[in-house]
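Could you build all of it, start to finish, from the sequences and the hints given here?
Protein chains: 2
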Amino acid sequence: MCSPKIAQVVAERIQRQGVPNPSRRNFLKLGGLTAAAGLAAGAGLLNPSRVRADSHAMSEVVDLSHIFSTSLPTYDKTALPSVQDVVTVQANGYYIQQWTFGEHTGTHLDIPAHFIADGETVDNYAISAFVSPAVVIDISAKAVEDPEAMVTVEDIQAWESANGELPAGALVCMYSGWDTRWEDIAAFRNEDSGGVMRFPGFSPEAATFLVEQRDIHGIAVDTLSLDIGSSSTFDVHFTILGAGKYGIENVANLKALIGKPAQVIVGVPRFAKGSGGPCRVMGLV
Amino acid sequence: MCSPKIAQVVAERIQRQGVPNPSRRNFLKLGGLTAAAGLAAGAGLLNPSRVRADSHAMSEVVDLSHIFSTSLPTYDKTALPSVQDVVTVQANGYYIQQWTFGEHTGTHLDIPAHFIADGETVDNYAISAFVSPAVVIDISAKAVEDPEAMVTVEDIQAWESANGELPAGALVCMYSGWDTRWEDIAAFRNEDSGGVMRFPGFSPEAATFLVEQRDIHGIAVDTLSLDIGSSSTFDVHFTILGAGKYGIENVANLKALIGKPAQVIVGVPRFAKGSGGPCRVMGLV
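Sequences listed follow chains V and R, in order.
Quick note: the first sequence, position 59, residue 59 per my numbering, numbers continuous.
Quick note: the second sequence, position 282, residue 282 per my numbering, numbers continuous.
It is worth saying that the hints were derived from the structure and are not from the lab.
One should not assume that every hint holds.
To give a feel for the contact side, a few chain V residues facing chain R, derived at Cβ under 7 angstroms [said to hold, decoys possible]:
1) A117
2) S128
3) R270
4) F271
5) S275
No farther apart than 30 angstroms at their CA atoms in a straight line, the calculated lysine-lysine pairs in the DSSO-like style are these [unchecked claim]:
6) K273/V x K255/R
7) K142/R x K273/V
8) K273/V x K273/R
9) K77/V x K255/V
10) K260/R x K77/R
11) K77/V x K255/R
12) K77/R x K142/R
13) K273/R x K77/R
14) K142/V x K255/V
15) K255/V x K273/R
16) K142/R x K260/R
17) K77/V x K273/V
Beta carbons: idealized from backbone N, C-alpha and C, even for Gly.
Here is the structure:
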């Protein structure tokens, strides 16, 4: 399928690896970039990969998403994705997989329609809410002692004592350390002897505080649910989604954001009438 | 499922709408934000939704993605997604859809493994490449005259004459105006009388120029393929993916980025061994 000339060019290109490196000055000149934006680029906020290479800058893109596979922890343990090859490079000259999965699988978004009858769906939810300053509440020490440790109002207030009031439009993230269990489905679901899951989440009071007293975009957890594992009333879901906010579950690597100014981007496909969906969650640190 | 108290809180909350608005000063104080980052926030680059409300700033998050549905233009017109309700709020108290689709459907990413036997897959592709300065090449005038208009080396050089050399790590985007045809599948695929699709794309020479002479992250098009519709050799695919770069197809709304400094974020789920996948493409203008 590939013309010999192009194939040769590509092969040579791959062998060579090196690329010309346009001057930083040209980058900053781009399309009338302002001085402020120039400074942002210098601080690594506009183009982290570029700036990192230049200046040993603090800037980095952190992957806050687990790999989406056919073997991962799910809330309903019978609801696993499936995948098959549609075409392969060997047989067809190109490669495509076909997936089947429920919208609440892997690192994924909960949007109001997931629990609220007339709630907004993901295809038309305001996209500006998917770019947010990150606030990470670290309850990992509590979670070692108690698998159903919760982010409480007091935890949020302690964060504010150290950092100031939650920024407007924040994504408030629970870091419980649960993401290190991801590869061990039983440990991640953590069923007790009665078959009830036990893992950390937000307290209902903290959810109410966040939607009543603060101006957030949403909340995120590194576990299977915004509510603790044994919840049967899903109060946190109803409070957050009922207020038109969103949740993210099964987030990874939040530890890398603790104590640092960071933005979180939620890259979720625009599933028509979607209740949420698997997404790429990215931290710009 | 919802406790009456929480339900009441939520109902009151929804009625009331208003939220306390933490001061801008508190946002800028967050976690040791630098002066440069402060300026970036002022220019709307850190938290566009926040800044827009404050200061009539230029900043905005542009949705560069079409809605992902069961009725959309596809390269293979027989390969359409399907969807079903797994549970609904009415019947079950919560709502989840289950989707089945090929990875190259809707606004989606092509990663090297799509055409290259040992190419990188999407789950482990370097995430920093998914944050890029956007460069939009406007060929919409040509595309009115010729449905197989191409982004040529000369088009790129004309952009550079006006704006300086392509920034390192750029996502070079073709704006042909084709996104306005999205709702009309026949017009988007634009088959001629012989059943051959006719739509714009990059020229093979432009693709070679970009991987040989410039340092790009990838390219994007507002049509079904990086190559023009009638291509049977997929030279642009082989050149871009063979060089370890990526492509994005069926991008929307690129017109909103023309002539403006902008970043593009590619939010693609981490499909295991994925050849790409449906994604949320976001422009930060």
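Hints, verified against the model:
The criterion of a C-beta within 7 angstroms of any C-beta in chain R is met by A117/V, whose closest approach is roughly 5 angstroms, and the hint holds. Here the hint on S128/V is kept, as its CB sits about 4 angstroms from the closest CB of chain R, short of 7 angstroms. The beta carbon of R270/V is positioned within 7 angstroms of a beta carbon in chain R (closest approach about 5 angstroms), and the interface hint is therefore held. At a threshold of 7 angstroms, the smallest CB-CB gap from F271/V to chain R is about 5 angstroms, leaving the interface hint in force.
Proximity of S275/V to chain R holds as hinted, the smallest CB-CB distance being about 5 angstroms (cut-off 7 angstroms). As the CA atoms of K273/V and K255/R are separated by approximately 26 angstroms, the hinted pair is consistent with the 30 angstroms bound. Taking the CA atoms of K142/R and K273/V, the gap is about 36 angstroms. The hint is violated against a cut of 30 angstroms. About 27 angstroms separates the Cα atoms of K273/V and K273/R, which keeps this hinted pair within 30 angstroms; it holds.
Restraint check for K77/V and K255/V: satisfied, since their Cα atoms lie roughly 27 angstroms apart, inside the 30 angstroms limit. A distance of roughly 35 angstroms separates the Cα atoms of K260/R and K77/R; the hinted pair therefore is violated under the 30 angstroms criterion. Pair hint K77/V plus K255/R does not hold up; C-alpha atoms about 44 angstroms apart against a cutoff of 30 angstroms. Only pairs whose Cα atoms come within 30 angstroms are accepted, and K77/R paired with K142/R is accepted, the gap being roughly 26 angstroms.
As the CA atoms of K273/R and K77/R are separated by approximately 24 angstroms, the hinted pair is consistent with the 30 angstroms bound. Distance check on the hinted pair: K142/V and K255/V sit about 15 angstroms apart at the alpha-carbon level, within 30 angstroms; holds. Of the supplied pair hints, the one linking K255/V and K273/R holds, its CA atoms being roughly 26 angstroms apart against a limit of 30 angstroms. At roughly 21 angstroms between alpha-carbon atoms, K142/R and K260/R fall within 30 angstroms of each other, so this suggested pair holds.
Of the supplied pair hints, the one linking K77/V and K273/V holds, its CA atoms being roughly 24 angstroms apart against a limit of 30 angstroms.
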